[in-house]
Amino acid sequence: MRFFRILGRSIRDAFKSVGRNLSLSLASISCIIITLIIVALSIIVTYNVDNFSSELKKDLTIVAFVSNDADNFDVDKLKLDIEDIGNVASVTYKDKKEIKEEMMKEDEAFLNVMKEWDEEENPLQNTYLIKVDDIEKIGETATAINNLDAIDTVKYGEGMVDQLVTVFKVAQRVSIVAVIALILMTMFLIVNTIKLTIFSRKREISIMRLVGASNFGIKLPFVVEGMILGFIGSLVPVGLMIYGYKALYDYFGGRLFTDIIRLVKPFPFIYYASAIVVVIGIVVGMLGSGRAVRKYLKV
Amino acid sequence: MEFIRFNGVTKQYKNGVVAIYDLNLSIEKGDFCFIIGGSGSGKSTLIKMLYREEKPTRGEIILGGLKVNKLRNSNVYKLRRRLGIVFQDYRLLPKSNVYENVAFALEAIGAKKKDIRPKVLKAVELVGLKSKLRDYPENLSGGEQQRVAIARAIVNEPKLLICDEPTGNLDPNMSMEIVDLLEEINKKEGTTVVMVTHDKAIVDKKKKHVIALKEGHLYKDYKEGEYIDEIL
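Taken in sequence, the protein lines are chains A and B. The first sequence runs contiguously to residue 299 in this note's numbering. The second sequence runs contiguously to residue 1232 in this note's numbering.
Any given hint could be a false lead.
Below, computed lysine to aspartate or glutamate pairings styled on EDC-like, alpha-carbon distance capped at 20 Å [stated by the list, open to error]:
#1 A:Lys57 / A:Asp133
#2 A:Lys202 / B:Glu1100
#3 B:Lys1207 / B:Glu1165
#4 B:Lys1113 / A:Asp13
#5 A:Lys97 / A:Asp69
#6 B:Lys1112 / A:Asp13
#7 A:Lys202 / B:Glu1138
#8 B:Lys1114 / A:Asp13
#9 A:Lys202 / B:Glu1054
These aren't lab readings, by the way, just hints derived from the structure by calculation. Since the structure is predicted, the reported quantities are computational estimates derived from the model, not experimental observations.
Taking the hints into account, I'd like the entire structure generated from these sequences.
Here is the structure:
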């Protein structure tokens, strides 16, 4: 019960203190707003890069050309052999007639040339289209497929895929490091601004210690105050994020520069991202103020 | 009945200064005890060790059966809830009125809301400030501010009241009034009072138990009613 009384008093005192030390509170809130805006931007970029890379990964396909000597039995057996290879997500068969029709639909030049070909003259090859689970192992999988008897050759965009994988990996790591660095910076700023408010209340803390308030009881109002500042500070970035991202999405029509780069749909993504920003604000405010008050609690 | 005991207590600060050296003393329950001595005699260190603001380097301090020197940092607050502490500079909250200042001591330790008001009113009445409940410290005289500080110290009904030169900022009349008040609390509530002072007039007039310190040593331990020949 004593815990709840202390908690109740801490919440009341924290709100009072935010109002009483308004200029310092505004300074803390401004710091939080600025850094959380950058954190919000990083989250949007990270998530979009992540989404873009996973979409692209989904589209990456190994094309295995089946030897013209293979009969129907060989073709069917080949499917089972490919499926037996690890890292294979799906296998789709396309015969040369189907490929010819697709190509004729795609381009008029193909249409003009190919419409004259009959079954015998069609020089295209039957193919298997293979999608993989782990894009990083696509090279190994392609080699394994190429080693199968009835396969002539395989193509999977060698070189370009490897480069893309590397670029995505770097982009992801950079974004994660940036988010962590920004969170630490926010915490540092909050620690320092809250230190100022705590400094102005040194007397109050010293009296609390003398009358027998526990460290928890002394710390709690300041921690709650940090949480309130963090929460208020996160509202502006959240507002900007919701309206800004939606406007950006609408403005670009969901595609960035090219059709390949598709933006993540604003809803519900932006709500989750907002929740993350609010939680970061609250947690960082809480930890920052907890750290700032620690100095005055030493017995 | 013995309430406070110092057994061979030595306090050496990190800078090498020895503030208290091999101190042995005893204070009875319900006693009113003055601690006297010149600057640097170790008076403040002695009482700081009583409320565990400082830890002895050697020796043992027992307060109401509790070994204060053995107390873990995380449990110091439990000791302080049993003490009242009054300082020369009052240490009031300037933006809070008399009632709020006194109530603060109870709110800070999570006392029940329904208990706070009667306890605060009782303490404020005891120090004679019932008519000034809504006044702020800046509108009170030095003596009145010290009364508020005393009310805050006794509101939780402590067993021991520690006063560090509570009359240091007051004129002689006001000083005597404050000591009279402390004496009244001592008699009425049975609270043990330990008071550090430089004021010979007070010590002479009250004829209480007096512990005199000199350069960190126990110089003399005058029993109640004994003649004090000098203030060091």
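Quick rundown of the hints versus the structure:
1. A:Lys57 / A:Asp133: Since the Cα atoms of Lys57 of chain A and Asp133 of chain A sit roughly 9 Å apart, the hinted pair holds (cutoff 20 Å).
2. A:Lys202 / B:Glu1100: Since the Cα atoms of Lys202 of chain A and Glu1100 of chain B sit roughly 18 Å apart, the hinted pair holds (cutoff 20 Å).
3. B:Lys1207 / B:Glu1165: holds, 17 Å
4. B:Lys1113 / A:Asp13: It holds: about 15 Å lies between the C-alpha atoms, which stays within 20 Å.
5. A:Lys97 / A:Asp69: Status holds; Cα separation ~16 Å.
6. B:Lys1112 / A:Asp13: Within the cut-off at roughly 16 Å; holds.
7. A:Lys202 / B:Glu1138: With a Cα-Cα distance of about 19 Å, the restraint between Lys202 of chain A and Glu1138 of chain B holds, given a limit of 20 Å.
8. B:Lys1114 / A:Asp13: holds, 19 Å
9. A:Lys202 / B:Glu1054: holds, 19 Å
Checked against the numbered hints above, the structure breaks none of them.
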